[in-house]
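Undergrad: Required output: the full structure, derived from the provided sequences and hints.
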Amino acid sequence: MAIGETAPDAGMSDAVPVREGLFTDTAPLRLLGSRCEVCGRHHFPRQDTCPYCAAEGASPVELSGSGRLWSWTTVTTAPPGYRGDVPYGFGVVELPEGLRVVTRLTESDPARLSAGQAMELVVIPVGLAVDDEGGGRPVVTYAFAPEQR
Amino acid sequence: MSGVDIAGVGIHPFGRFEDRTVTDMGVTAVRAALAEAGLDKGGFQAAFCATAYGGVASGHKVLSRIGMTGMPIVDVEAGCASGGAALMLGAGAIRAGAYDTVLVFGVEKMPKGMIRSSFFEPWQEESGLAATPAYFALRAQRLMQDSGVTKDHLARVVVKNRRHGVHNPDAMFRSEVDAQAVLGSRVVCEPLHLWMLCSPNEGAAAVVLRRAGAGRDGHTTHDTTRLVHLAAAVLRSHLPGSVLNESTPMSGLVDEPVPAPSTLAATAAYEEAGIGPEDLDVVECQDTDAARELLSYEELGLCAPGGAAALSDEGATVVGGRIPVNPSGGLLSKGEPLGASALGQVVTLVHQLRGDAGHNQVDGARVALAHTVGRGANASVVVLTR
Numbered sequence: 001m002a003i004g005e006t007a008p009d010a011g012m013s014d015a016v017p018v019r020e021g022l023f024t025d026t027a028p029l030r031l032l033g034s035r036c037e038v039c040g041r042h043h044f045p046r047q048d049t050c051p052y053c054a055a056e057g058a059s060p061v062e063l064s065g066s067g068r069l070w071s072w073t074t075v076t077t078a079p080p081g082y083r084g085d086v087p088y089g090f091g092v093v094e095l096p097e098g099l100r101v102v103t104r105l106t107e108s109d110p111a112r113l114s115a116g117q118a119m120e121l122v123v124i125p126v127g128l129a130v131d132d133e134g135g136g137r138p139v140v141t142y143a144f145a146p147e148q149r
Numbered sequence: 001m002s003g004v005d006i007a008g009v010g011i012h013p014f015g016r017f018e019d020r021t022v023t024d025m026g027v028t029a030v031r032a033a034l035a036e037a038g039l040d041k042g043g044f045q046a047a048f049c050a051t052a053y054g055g056v057a058s059g060h061k062v063l064s065r066i067g068m069t070g071m072p073i074v075d076v077e078a079g080c081a082s083g084g085a086a087l088m089l090g091a092g093a094i095r096a097g098a099y100d101t102v103l104v105f106g107v108e109k110m111p112k113g114m115i116r117s118s119f120f121e122p123w124q125e126e127s128g129l130a131a132t133p134a135y136f137a138l139r140a141q142r143l144m145q146d147s148g149v150t151k152d153h154l155a156r157v158v159v160k161n162r163r164h165g166v167h168n169p170d171a172m173f174r175s176e177v178d179a180q181a182v183l184g185s186r187v188v189c190e191p192l193h194l195w196m197l198c199s200p201n202e203g204a205a206a207v208v209l210r211r212a213g214a215g216r217d218g219h220t221t222h223d224t225t226r227l228v229h230l231a232a233a234v235l236r237s238h239l240p241g242s243v244l245n246e247s248t249p250m251s252g253l254v255d256e257p258v259p260a261p262s263t264l265a266a267t268a269a270y271e272e273a274g275i276g277p278e279d280l281d282v283v284e285c286q287d288t289d290a291a292r293e294l295l296s297y298e299e300l301g302l303c304a305p306g307g308a309a310a311l312s313d314e315g316a317t318v319v320g321g322r323i324p325v326n327p328s329g330g331l332l333s334k335g336e337p338l339g340a341s342a343l344g345q346v347v348t349l350v351h352q353l354r355g356d357a358g359h360n361q362v363d364g365a366r367v368a369l370a371h372t373v374g375r376g377a378n379a380s381v382v383v384l385t386r
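Protein chains in written order, with the working numbering: chain A, 1 to 149; chain B, 1 to 386.
One or more of the hints may lead you astray.
[As the list claims (entries may be wrong)] If you want the footprint, here are the derived chain B segments under chain A, 3+ residues with CB under 8 Å:
(1) 141-153
(2) 235-249
[To be verified] Not close to chain B: a few residues of chain A, all C-beta gaps over 10 Å, as computed:
(3) ALA27
(4) PRO28
(5) ARG35
(6) VAL38
(7) ASP48
(8) GLY65
(9) SER66
(10) GLY135
(11) PRO138
(12) PRO146
(13) GLU147
Just so you know, the hints here were simulated from the structure itself, not pulled from any lab data.
Even for Gly, the Cβ is constructed at its ideal location relative to N, Cα and C.
TA: The structure is reproduced here in structure tokens:
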């Protein structure tokens, strides 16, 4: 399957997240992180125990769908366990919550990316979840795309 | 770490050996180290075997083959720093008074191609996030943005290490390359080209540790003038917060800079050895990729933060320079058999301190540092003195 890209609110209602708990169950989809009630730091993916201060009971939070590009590269050879197309973009995006998130990028040409560039969350298919009738629902993961002006 | 000496070292060359098992290679390295230490059967009271991909009871298989079992044999996995972890455990046990003589060895036969690591979860693999070289590339990218490092600097690290490696009979790649050829090799993950990345491969290395001044049970073949002192063997893991540290997290923090695991290990090792980076005569550091070597200069304190490009430009890190780095040729020449690589560094630095390093001998070397860092995160720093 070609790697398309789709805004988190553009259909994909039957999509299956590649990992349970990766996204909020809202529309549009957002990344689900957590925030420590004791030290105030954010985490992604969501976890109950704060990795910084070891406090329990971090609250789930919806993370911003917009951020700034901090580092980027291109994956040219399919890594282990990945069945989609190459090349694809790969990078780190800074979110307003003070988080840097490792992410797929929809732009695979490094020359078309720059530090501090505005990026937005999108959902991309990475495979098909086949059901008992032989039908398929898209399995999706998160990525960031250069923001459309 | 007062009171632990290196009584013998041995190595099986690093490369690809279709006709040899990981056990075969371990036997070669262990026999060589034991012979140097003047030991035969029963001469050590414990063994630590470093390996990441060797599988169940790798150490037992090597020592069973040569009829030396009965003592505790412990396999140790700490990613690229596995050998450093085994060395820390062996030295610590001697220092604690548990043993007089400990065998520490590392063996590896790495899978070919991009390494599949059980470290990543299935969802990360399926999402294309298990792309190990891409994480190296993101780190390289930031180094270039945050300091004066250019792609030319990356290429020159490869040129330097491959030039050193020509004279290392245990290295996998023994030919020189020029910067143009490095930059002409295929881009794996921008800015990293193929020749800027080390090759996972196969090999083994072994070290015999002995309590300083310990009796040798009549093993008179041992030559005490060749003793090298293990001044520190430190392992550290990461602190959370840095998105690009070797623990390969999915996120980190924008603010709150945290010390890198290599810095944590180096700081502790310098303190333990009672030295500072200015006292070092020769260094072997983790050059998984060319940028990783430059970053190591900063993390080990060989230069100030942001000073790696200048240190390289100055020519300080070539053999003959102020602080030669990777005179063995580094992983870029030797390849990286995870379990064996840290101990391979120790073997080469013991040769340096004995004055036996041949063409790439650093004149008068008396203080040496070995550094590995990788997934976990695990970082090891070993200080050797003569």
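Undergrad: Hints first: check each against the structure and report whether it holds.
TA: Here is how each hint holds up against the structure:
With 3 residues having a Cβ less than 8 Å from any Cβ of chain A, the region 141-153 of chain B passes the three-residue criterion, so the hint holds. Given a C-beta distance limit of less than 8 Å, the hint that chain A covers the region 235-249 of chain B holds, as 5 residues qualify and 3 suffice. A cut-off of 10 Å between C-beta atoms confirms that ALA27/A is not in contact with chain B; the least separation is 21 Å. Non-interface status of PRO28/A relative to chain B is upheld: no Cβ of that chain comes within 10 Å, the nearest being about 19 Å off.
Chain B leaves ARG35/A outside its interface by the beta-carbon criterion, the shortest separation being 12 Å against a cut-off of 10 Å. No Cβ of chain B comes within 10 Å of the Cβ of VAL38/A; the nearest lies about 15 Å off, and the non-interface call holds. The Cβ of ASP48/A sits about 15 Å from the closest Cβ of chain B, beyond the 10 Å cut-off, so the non-interface label holds. Remark: the non-interface label on GLY65/A is consistent with the geometry, its nearest Cβ contact in chain B lying 15 Å away (cut-off 10 Å).
Look at SER66/A: its CB is around 14 Å from the nearest CB on chain B, clear of 10 Å, so calling it non-interface holds up. With a cut of 10 Å on Cβ distances, GLY135/A stays outside the contact zone with chain B, its closest approach being about 19 Å. The Cβ of PRO138/A lies farther than 10 Å from every Cβ of chain B, with a closest approach of about 12 Å, so its non-interface assignment holds. The Cβ of PRO146/A sits about 17 Å from the closest Cβ of chain B, beyond the 10 Å cut-off, so the non-interface label holds.
At roughly 19 Å from the closest C-beta of chain B, the C-beta of GLU147/A stays outside 10 Å, upholding its exclusion from the interface.
Consistency note: the structure conflicts with none of the earlier hints.
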